[in-house]
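Asks: The residues making up each chain are set out below.
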Amino acid sequence: DGGITQSPKYLFRKEGQNVTLSCEQNLNHDAMYWYRQDPGQGLRLIYYSQIVNDFQKGDIAEGYSVSREKKESFPLTVTSAQKNPTAFYLCASSTEWNTEAFFGQGTRLTVV
Amino acid sequence: KQEVTQIPAALSVPEGENLVLNCSFTDSAIYNLQWFRQDPGKGLTSLLLIQSSQREQTSGRLNASLDKSSGRSTLYIAASQPGDSATYLCAAYTGFQKLVFGTGTRLLVSP
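Order-wise, the sequence lines are chains E and Y. For what it's worth, my numbering labels the leading residue of the first sequence as 1, then goes sequentially. For what it's worth, my numbering labels the leading residue of the second sequence as 1, then goes sequentially.
A hint or two may mislead.
Okay, the calculated bits of chain E under chain Y, using three or more residues with CB under 8 Å as the criterion [as the list claims (entries may be wrong)]:
#1 65 to 71
#2 103 to 109
Straight line, CA to CA, 30 Å or less: simulated DSSO-like cross-link-like pairs of lysine-lysine [stated by the list, open to error]:
#3 E:70 - E:9
#4 E:14 - E:83
#5 Y:68 - E:70
#6 Y:42 - E:71
#7 E:70 - E:57
#8 E:9 - E:83
#9 E:57 - Y:68
#10 Y:42 - E:14
#11 E:9 - Y:68
#12 E:57 - E:71
#13 Y:42 - E:83
#14 Y:42 - E:57
#15 Y:1 - Y:68
Don't read these hints as lab results, they were simulated from the structure. Yeah, the Cβ is synthetic: ideal placement off N, Cα and C, and Gly gets one too.
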């Protein structure tokens, strides 16, 4: 089945730790995105990538980092610099930036 | 800066009703508009994508319209069912290579 796989589904982070969220797609899409969702707020863009080895900051990139070494993969690292990381993180992909976007099932990150 | 608003924030209807969800955006210079469904604790499922040159799109019991000049899109759900209960999100593709999301309408369809 074609789609987007995010792992893990749940992740717990201790204070001061970096954690990495995985996002893999087998849709052969060029563009990939990371969004953050908080209760009562719309999804906010963290980073996006339109092509391998290239990515741009979104609206709330501070405290996050990404890489795009392979077309299929776009991992997100939540660093210790992110002061309020508890949220639901969603990865998406599309053939181009303004075509239909498809989402993974999300990773819920909690700081303990 | 593009802002997307969805009204109402929550809606409760009995099974079988036809209903309309509203989405408004402040900048009419959008490329496309996409409607999604989100079940609790899950990711987003794409429902319909309306190209900027189109006025509406249909999929089964769903019909979405787009009026760029007035900054509005509507999602019409015919003959609602309990399985339609979810949060519905709209998102506008802006000229800055990103989707701008509304905060969603939480729909509850009771049997």
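Asks: Next, verify each hint and record whether it holds.
Replies: Status of the hints after comparison with the structure:
Requiring three or more residues with a Cβ within less than 8 Å of a Cβ of chain Y, the coverage given for the segment 65 to 71 of chain E is violated, as only 0 such residues are present. Requiring three or more residues with a Cβ within less than 8 Å of a Cβ of chain Y, the coverage given for the segment 103 to 109 of chain E holds, as 5 such residues are present. The suggested pairing of residue 70 of chain E with residue 9 of chain E holds, with an alpha-carbon distance near 22 Å, which does not exceed 30 Å. Of the pairs offered as hints, the one joining residue 14 of chain E and residue 83 of chain E holds, with about 12 Å between alpha carbons and a cut-off of 30 Å not exceeded.
Taking the CA atoms of residue 68 of chain Y and residue 70 of chain E, the gap is near 37 Å; set against the 30 Å cutoff, the hint is violated. Distance hint between residue 42 of chain Y and residue 71 of chain E is fulfilled; the C-alpha atoms sit about 24 Å from each other, no more than 30 Å. Taken as a hint, the residue 70 of chain E and residue 57 of chain E pair is honoured in the structure, with Cα atoms around 18 Å apart against an allowance of 30 Å. Restraint check for residue 9 of chain E and residue 83 of chain E: satisfied, since their Cα atoms lie roughly 21 Å apart, inside the 30 Å limit.
Using a Cα cut-off of 30 Å, the hinted pair residue 57 of chain E and residue 68 of chain Y holds, with the two alpha carbons roughly 28 Å apart. The straight-line distance between the Cα atoms of residue 42 of chain Y and residue 14 of chain E is roughly 24 Å, inside the 30 Å bound, and the hint therefore holds. Distance restraint check for residue 9 of chain E and residue 68 of chain Y: the Cα-Cα separation of roughly 38 Å exceeds the 30 Å cut-off, and the hinted pair is therefore not satisfied. A C-alpha spacing of about 18 Å is found between residue 57 of chain E and residue 71 of chain E, which places the hinted pair at or below 30 Å, so the restraint holds.
Our distance criterion of 30 Å between C-alpha atoms is met by residue 42 of chain Y and residue 83 of chain E, whose separation comes to about 24 Å. With a CA separation close to 25 Å, the supplied pair residue 42 of chain Y and residue 57 of chain E stays within the 30 Å bound. For the hint linking residue 1 of chain Y to residue 68 of chain Y, the alpha-carbon distance of about 16 Å falls within 30 Å, and the restraint holds.
Checked against the numbered hints given earlier, this structure breaks hints 1, 5 and 11; the rest are met.
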